[in-house]
Structure formats: C-alpha cells, structure tokens
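Mind the numbering: the sequence shown is residues 0 to 364 in numbering that gives the first Met the number 0, read in order.
It cannot be assumed that every hint is accurate.
Below, computed lysine-lysine pairings styled on PhoX-like, alpha-carbon distance capped at 20 Å [claimed, not checked]:
{"#": "1", "residue 1": "K173", "residue 2": "K184"}
{"#": "2", "residue 1": "K334", "residue 2": "K345"}
{"#": "3", "residue 1": "K140", "residue 2": "K334"}
{"#": "4", "residue 1": "K281", "residue 2": "K184"}
Since the hints were made in silico from the structure, they are not lab data.
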Amino acid sequence: MEIRIFNWIEAQETLAHEWARLVGELGINPSHDPRWMDATVRSHELCDEARVAALFDGDRLRGVFPFRQRRLHSLGLPLLGIEPLTNLVSYHAQLIAAEDDAYRLLGGALEHPLLAAWDLLHFDNVPAGSATAGLLERIGKERGSRMIRRDGENSPYIKVSGDWQQFLATRNNKFRVNATRAIRKMAEAGETGMAWYIGADHSGQLLEQILAIEELSWKADAGIAIQQNPMEGAYHALLIPTLSEMGALFANVLLVHDRPVAYVLCCHYRGWIGQLKTSFDKQLAAAGARVIDASVQRAFGEGAEIYDFLGDAAPHKLRWTHDLCLHGNYWIYSKRLLPSFIGAMKQLQERRQPPAAAEPAAASH
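Please put together the full structure from these sequences, using the hints given.
Given below as structure tokens:
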C-alpha cells in the first residue's frame with residue numbers, strides 16, 4: 000500500500016467521489032464527507048494550507064486523512080503540529096478508513112517525507128471507545144514519547160424508536176406538560192406555521208430566515224450571532240446548499256404572524272440526525288422549545304435512528320435524554336528531543352493541577 004499527499008484542490012478533484020463512498024460505506028459521520036469538509040476549509044480560508052494523505056492499494060482508495068501542519072509554540076518553544084481538519088468542525092471525529100487500514104493510513108502519513116518532521120499530533124473530539132481512540136492510544140505508545148488525553152464534549156443523543164406518542168409515554172409528566180405549554184404559548188403569540196426544509200429542498204430563504212432570527216436572539220447581544228463572525232457567516236452560507244446537495248438538509252423555522260422567530264438546522268444522513276444550530280427571538284422564549292420539540296417529533300417519522308444534540312451536555316438538551324456520547328482530545332508528542340521534553344513538562348503540569356481551558360500548545364499567528 001502507498002501513501003500519497005494531495006493539496007486541497009487536487010484532493011477535491013481527484014478523490015472526492017471515492018472519499019464520499021468511504022464515508023457512506025463505513026458509516027462515518029457526514030461532517031467527514033468531502034463536500035462538507037470543503038465548506039469548512041473554504042469558510043476558514045485554508046485551501047492553501049489544507050492537505051490530504053490518501054492510502055492506496057494499487058489504484059483503489061482505502062483511506063483519507065485530511066490535515067494541516069501548523070507552527071505552534073509551547074513553553075515558548077517552537078513545535079510543528081499536525082492536526083486533522085476535523086479539529087475545525089468536530090462531529091465525532093474519526094479516521095476515514097476501515098479499522099484494518101486506519102493504522103496504515105495514519106502511521107504511513109506520519110512517516111511520509113512531507114510529515115516526518117512532526118513534533119505534535121493533536122486530535123479533538125474523538126468518541127471514547129472508538130477504533131480511532133484505540134488507534135491514537137497505539138500511536139501514542141509506538142510513535143510518541145508522551146501523550147496527554149483530556150475529556151472532550153459529552154454530547155446528548157436520543158435513540159429513536161417507535162413513534163412520537165410512544166416516546167412521550169416514556170417521559171415524565173413535567174416533560175409532557177412543558178411540551179403542551181410551548182404549543183399553547185406560541186398559538187397565543189400568533190403562530191402561523193412551521194416551515195420545513197427537508198432533503199434537497201434548499202432555497203436562499205432558509206439562510207435569510209436563520210440570519211433574521213439570529214439578529215433578534217440573545218446571541219446578537221452577546222456578539223456571537225452568525226452574521227457577527229465573518230467565518231461563521233461564510234461557513235453557514237456554504238453549508239446549507241452543501242447539505243441540500245447531499246440530500247441531508249433537515250431544518251425547520253417557526254413563524255409567528257408569518258415572521259421567522261425560531262429555527263433548528265440539522266443534518267439527516269443515513270439514519271443520523273445531528274442538530275447543528277438553533278436559536279430563537281429573545282422576546283419569545285417559548286419559541287425555542289417549540290421549534291426543537293417539532294424537530295425531534297418529526298425525526299420519529301423520518302426513519303431516523305439517532306437524534307444527536309451535538310456539542311456539550313447543556314441543560315436544555317438533558318431534559319430530553321441522559322444518553323451521552325463521550326469524547327476525548329489527544330496530544331501526542333514525538334520521540335525527538337524537543338517535543339519529548341515539552342511533552343514531559345506538560346504531563347507534569349497536568350499532574351500538578353486540573354486541566355485548564357488552554358490547550359497544551361498554542362498556535363503561532
């Protein structure tokens with residue numbers, strides 16, 4: 000087998016079809032699909048920096064590792080870091096290869112002349128107990144001098160089975176009362192409909208509605224609305240038509256007096272529904288609950304198996320479920336002298352104090 004390194008444009012032109020096939024056949028999260036990752040890379044303006052290591056068996060593609068190399072500083076000392084592009088937008092990150100090929104892919108990439116000088120390998124949000132988590136532990140022991148693992152996000156999810164009424168029957172009375180209350184309050188406020196965007200049903204209207212709602216939400220006051228961050232705005236402007244192209248768009252917008260007041264943007268891909276973004280008009284608190292309730296309810300009629308709230312375990316998500324997907328973040332320092340020394344110092348810091356918000360190594364800008 001052979002590792003070949005492609006720049007981002009070459010990879011999209013040469014590998015995209017087979018890459019997408021691998022994601023689908025292996026049941027990998029759709030945020031690893033080349034179309035979705037292209038939206039991520041372009042919105043982050045990283046087309047010149049992004050690379051793809053591809054594992055070939057003859058002419059057959061067996062795995063892809065989209066990554067970037069970055070100059071980092073830790074303890075005031077320089078490091079060359081390698082990071083998967085899933086660190087940019089991280090939904091259950093994993094290597095895009097069958098389990099038998101994953102070691103050949105990552106191990107071979109780290110030995111390639113273009114990457115062999117690596118000092119630090121950093122993966123975020125890898126599902127606990129996954130094949131990728133096990134592989135990183137193995138790489139850390141075999142290729143690294145030191146490894147630091149920190150807990151990542153604990154993402155709540157619902158196992159979708161039966162119908163909506165059967166699901167409600169498993170909830171407590173308070174949950175059912177709150178769901179009924181949200182419907183009643185929005186009816187009193189003048190609810191005039193729920194717009195749905197499903198599958199390939201995309202129009203620019205959805206993005207316009209989302210931006211209008213963000214402007215009226217608490218996020219605008221906090222300075223974190225989509226349109227207040229150019230990268231975030233570019234990402235969603237690319238993501239929505241990409242989800243439509245993939246046939247994976249699953250979004251709903253609540254209307255009051257025909258005005259958009261709340262939305263949920265999801266991806267529905269091969270039985271997985273992931274809640275990517277949601278917000279509501281801050282003057283209509285019940286709108287947030289109403290639009291999420293409607294999104295989850297529809298999932299029971301759309302052939303979904305999992306409704307994934309993504310992100311961390313916020314209280315409004317935990318009212319639905321206590322099932323969590325646990326994740327880990329990994330920093331693997333190579334065996335060379337400088338990264339080995341830095342890794343040892345970082346491990347010592349970890350033992351002396353609880354993990355801080357800061358990462359073990361910071362990017363040099």
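Tested hints:
no. : hint        : in the structure
1   : K173 - K184 : 16 Å, holds
2   : K334 - K345 : 15 Å, holds
3   : K140 - K334 : 10 Å, holds
4   : K281 - K184 : 14 Å, holds
Checked against the numbered hints above, the structure violates none of them.
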